[in-house]
Every structure is written in structure tokens, then in C-alpha cells.
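*Asks:* Take a look at the letters that make up each chain.
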Amino acid sequence: MSKKKLGTVWLGGCSGCHMSLLDIDERILEVAKLADIVKSPVVDGKEMPEVDIALVEGAITSDEHYRELLHIRKQAKTLIAFGDCAVMTNVTGMRNYFNLKDVLDTAYVNAISNDKEGKVPDHPSLLKLNEKVLPLQEVVKVDFVIPGCPPDADTIFYVLFEFLNDRLPDLGKAKKLKYG
Amino acid sequence: MNTIPITINDKKLDVDPAKTILEVCRENDIEILTMCHLKGIIDIGACRLCLVEIEGINKLLSACTTKVAANMVVKTSTERIKKYQRITAELFFAERNHVCSVCVANGKCELQQLGYKVEMDHIRYPHLFPHCEVDTSHPWYVMDHNRCIMCTRCVRVCNEVEGAHNWDVMNRGHQVRIISDFNTPWGESITCTSCGKCLHACPTGAIWPKAIVQGQLEKKPEIISELMEKRKMKL
Chain V
7 MSKKKLGTVW
17 LGGCSGCHMS
27 LLDIDERILE
37 VAKLADIVKS
47 PVVDGKEMPE
57 VDIALVEGAI
67 TSDEHYRELL
77 HIRKQAKTLI
87 AFGDCAVMTN
97 VTGMRNYFNL
107 KDVLDTAYVN
117 AISNDKEGKV
127 PDHPSLLKLN
137 EKVLPLQEVV
147 KVDFVIPGCP
157 PDADTIFYVL
167 FEFLNDRLPD
177 LGKAKKLKYG
Chain D
163 MNTIPITIND
173 KKLDVDPAKT
183 ILEVCRENDI
193 EILTMCHLKG
203 IIDIGACRLC
213 LVEIEGINKL
223 LSACTTKVAA
233 NMVVKTSTER
243 IKKYQRITAE
253 LFFAERNHVC
263 SVCVANGKCE
273 LQQLGYKVEM
283 DHIRYPHLFP
293 HCEVDTSHPW
303 YVMDHNRCIM
313 CTRCVRVCNE
323 VEGAHNWDVM
333 NRGHQVRIIS
343 DFNTPWGESI
353 TCTSCGKCLH
363 ACPTGAIWPK
373 AIVQGQLEKK
383 PEIISELMEK
393 RKMKL
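As you go down the protein sequences, you meet chains V and D in turn. Anchor point for the first sequence: position 100 equals 106 in the numbering used here, and the numbering is continuous, going up by one each time. Anchor point for the second sequence: position 20 equals 182 in the numbering used here, and the numbering is continuous, going up by one each time.
No lab work stands behind these hints: they were computed from the structure. Every residue, glycine too, gets a C-beta built ideally from N, C-alpha and C. The reader is advised that the hints may include incorrect statements.
From chain D, some residues computed to sit far from chain V (all C-beta separations above 12 Å) [what the hints assert, rightly or not]:
| id | residue |
| --- | --- |
| 1 | Glu185 |
| 2 | Ala231 |
| 3 | Arg242 |
| 4 | Asn333 |
| 5 | Gln337 |
Cut-off 30 Å, straight-line C-alpha distance, at most; resulting in silico cross-link-like pairs (DSSO-like, lysine-lysine) [claimed, not checked]:
| id | chain 1 | residue 1 | chain 2 | residue 2 |
| --- | --- | --- | --- | --- |
| 6 | V | Lys147 | D | Lys245 |
| 7 | D | Lys181 | V | Lys179 |
| 8 | D | Lys237 | V | Lys179 |
Here are some, though not all, of the chain D residues that point toward chain V, as calculated from beta-carbon distances under 10 Å [as the list claims (entries may be wrong)]:
| id | residue |
| --- | --- |
| 9 | Ala180 |
| 10 | Phe255 |
| 11 | Val261 |
| 12 | Cys265 |
| 13 | Asn268 |
| 14 | Gly269 |
| 15 | Gly277 |
| 16 | Tyr278 |
| 17 | Glu281 |
| 18 | Met282 |
| 19 | Asp283 |
| 20 | Arg286 |
| 21 | Pro288 |
| 22 | Phe291 |
| 23 | Asn308 |
| 24 | Gln378 |
Go ahead and model the full structure; you've got the sequences and the hints to work with.
*Replies:* As C-alpha cells, then:
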């Protein structure tokens, strides 16, 4: 069996899911026997190359995330929504109850720590926040989801190990479902 | 006692005709999912999770509000029922703002447990993200409408058990809300006795005491059922 390619990416989330990925500890060696990690916040690499499995952490909050997710969808055979933010927007989506201008003003203009000249940054090189935060499945087709904030390391390893051995994991049957 | 024969999931039972299908199932260890049911208060069939198939009836009926009848043939866990239970669970999550990771009830929430039971891994419907109020005006308790699923257990427990009728329901459809008195802040209520029964009746993190933080909520809905059992004994 040829070695598979694994990519992980961090969009609108807190990186907690990647911390939990690192918590699989020495079992990363078993993953490394079956797959090369070709793109991840913990390794070098800019654009997502062609991969067998892409773990995508975080919700879609901006134009940049949107473009990146469409790119990942083209590159990945199996796209996995990784963590509550990717699956159901979670904390990232809590700004959806307000309008975007109020959210930005709260952070950059009206915050108590601001001086009087506080203004919302609008440099053209900055990403533009979307009006609403979306879970991955509302932008692209998602092949598998791992809910949890963060998902347990055991759950992450279980899912990776099953996919790397060409089996389809079942979180419900394996009693590994968790939200929050 | 007169009993009548009924069949549930191919199991023949002789049961008390005054009982509901749900009561009979609970007594015979047949699992039925519920959210709005709380033993001791009146069932209203609001959550639609306890739907069962009854032979000879086309539509699904709620087990909590349907009395048993002689020779009734009931099925409680067909593929059709499981499909609807999963849809119902997902709609609960999609309707308001359930963010488990920051919720006081995280890990002890009946809605989370429901999700696990129906094996819900994601929500197939777009979230509504409604703007919901958080009422912190009561000196001890908080009412967070973001986490309310409109089971109305608080309304019924306040009315039927405490006799205060502080809680009620306003509006219809997705604008439906639990209200205190005539939609005034809970802290200004002239009917609330601050007994805390609504807090124990609530299945999610919608009503909770101010003294706790994320994941620390301890609810004991069974104390309400026990209280009602004790009252029956005195009569």
C-alpha cells in the first residue's frame, strides 16, 4: 500500500483542534507510517497540495477562508470538517447574532482600551470578514465530520487511522460523538 | 385491577388502561426518547421525540399523550421513527444558538445527550442565528433564550407544582419565547417565588444559577417527580 498524503489547515478557529491533534502523542508515529503530513500549521508549506485527506479546522469567516476552502476541496480526495467550529460554527459563529459593523466597532472603535482615534482597519491586503460565519458544509461538500470543542485526541486518531486503512469510521457506533 | 393486552415491539404486555404508551414503555424498560416530558407534570406532546407507530393509524402519535387501548400494536424504534428523531434533534440545534463549548450545561445537557443518542454528527439545516435576549435581572438566576428549546417544562412546573405561574409562552413559530409575567424582566416579577424549580426542570442550559461557570451546572429534574409522588401519598 502506497503512503497517503495528509494535510491539515486552520481557518476560523482557535487552533485548539490542532492542539488536540498533537495530543495523539506517540501515535503520530503510526500515522506517519501510513501517511506523509504535507501541509499543516505545524509543518512548512503554503498552498494545500493534492492530498488524500484534508483536516479543516474552523469556520468560514472571510473571503480568504472562502477561497482557501474552495482550493482545498479541489485538492483533497476526502475533506474532513475538524471540530465544532467547522461543523456548526461554534464560538466563531457567535458574532452571527449581531451585524458585522457593530462587531467590528465593538472591537476597534468602542473598546474601552481604545484611544479616541480608534478605527476599523481597512488596508487592501487585509482579509474581508463575511457578514455571516458559515460551517464548511454550507460552502463545499464535506465528506466526514469530527465534532467536539476540541475533539478528543482518541477520536482524532480513530478517524485518521480508519481512513488511512481505507475504512469508513462511524463516530455514532463507536460512541465517540461529542459537542462542546 | 383490570388490564388490557397490548403489543409493543412484538412484546405482549398486560397493562393498566389508564396509562399512556410512554408510561407503559418506561415501566417495561423500552427506551423512548423525550425532551418535554417530565414525570409528575402534565404531558403536552411538544417535542415530538416520543413519536411511535401504531398499527392501523397512518400518522405517528406521541407516546406521552396517547393512552393505551386494547389490542394496540405499537412500534417504538422503526427506521421511520429514527429518521424523524434525528431531524427533530437537528432542528433543535439549528433553531437557536446552542454553543456547547461555552454553556454552563456542557456535559450534563439533555439536548447534548439526545444528539448522541440519535447519532447526530452535524446539522443538515442552516442555522437561524436569531437574536435572543439573556435575562440576568433576577438576583440569583439567569434565563438565556439562546439555549431554550421551548419544551415548556419550566412553564408547567411553575404553574402545576409551585402554583406561581410566573412563566408563560409568547408569540408563535420561530418567534415563540418564554416570558416572565407579561413579558417583563424576571427580576421584576411579582409572581416568581424564586423557588428554583424551573431551573431543575429545564433540560438545557437555558435557566441556571448565577453562582456557576461553564460546564458546572448540576440539575436534578427528578426532585420534581419525587415531590409530586410525595404529594400523592399525603392525599
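*Asks:* Each hint should be assessed against the structure and marked as holding or not.
*Replies:* Here is what the structure says about each hint:
1. At roughly 29 Å from the closest C-beta of chain V, the C-beta of Glu185/D stays outside 12 Å, upholding its exclusion from the interface.
2. Distance check on Ala231/D: its Cβ is at least 35 Å (rounded) from any Cβ of chain V, clearing the 12 Å threshold; non-interface status holds.
3. In this structure Arg242/D is separated from chain V by more than 12 Å, as the shortest Cβ-Cβ distance comes to about 18 Å.
4. Distance check on Asn333/D: its Cβ is at least 18 Å (rounded) from any Cβ of chain V, clearing the 12 Å threshold; non-interface status holds.
5. Here Gln337/D stays apart from chain V, with its beta-carbon at least about 15 Å from theirs, past the 12 Å limit.
6. With a C-alpha separation of about 22 Å, the suggested pairing of Lys147/V with Lys245/D holds against the 30 Å cut-off.
7. Proximity of Lys181/D to Lys179/V is assessed by CA-CA distance (about 34 Å); at most 30 Å being required, the pair is judged violated.
8. Taking the CA atoms of Lys237/D and Lys179/V, the gap is about 22 Å. The hint holds against a cut of 30 Å.
9. Of the supplied interface hints, the one on Ala180/D is violated, with its beta-carbon coming no nearer than about 37 Å to a beta-carbon of chain V, more than 10 Å.
10. Hint status for Phe255/D: holds, given a least beta-carbon distance of 7 Å to chain V, under 10 Å.
11. With a least beta-carbon distance of about 6 Å to chain V, the hint placing Val261/D at the interface is held under the 10 Å criterion.
12. At its closest, the beta carbon of Cys265/D sits 7 Å from a beta carbon of chain V; the interface hint therefore holds under the 10 Å criterion.
13. Interface hint at Asn268/D: satisfied, since its Cβ lies 4 Å from the closest Cβ of chain V, which is below the 10 Å cut-off.
14. The criterion of a C-beta within 10 Å of any C-beta in chain V is met by Gly269/D, whose closest approach is roughly 7 Å, and the hint holds.
15. Evaluation of the Gly277/D hint against chain V yields a held restraint, the C-beta minimum of about 6 Å falling below 10 Å.
16. This hint holds: Tyr278/D has a C-beta 5 Å from the nearest C-beta of chain V, less than the 10 Å allowed.
17. The beta carbon of Glu281/D comes within 3 Å of a beta carbon in chain V, closer than 10 Å, and the hint placing it at the interface holds.
18. Taking 10 Å as the C-beta cut-off, the interface hint given for Met282/D holds, the closest approach to chain V being about 7 Å.
19. Residue-level restraint check for Asp283/D holds (minimum Cβ-Cβ distance to chain V is 5 Å; threshold 10 Å).
20. At its closest, the beta carbon of Arg286/D sits 8 Å from a beta carbon of chain V; the interface hint therefore holds under the 10 Å criterion.
21. Because the beta carbon of Pro288/D sits about 6 Å from the nearest beta carbon in chain V, less than 10 Å, this interface hint is met.
22. Interface hint at Phe291/D: satisfied, since its Cβ lies 4 Å from the closest Cβ of chain V, which is below the 10 Å cut-off.
23. Because the smallest distance between the Cβ of Asn308/D and any Cβ of chain V comes to about 8 Å, under 10 Å, the interface hint for this residue holds.
24. A least Cβ separation of about 13 Å between Gln378/D and chain V goes past the 10 Å threshold, and the interface hint is therefore violated.
When held up to the earlier numbered hints, the structure conflicts with 7, 9 and 24 and fits the remainder.
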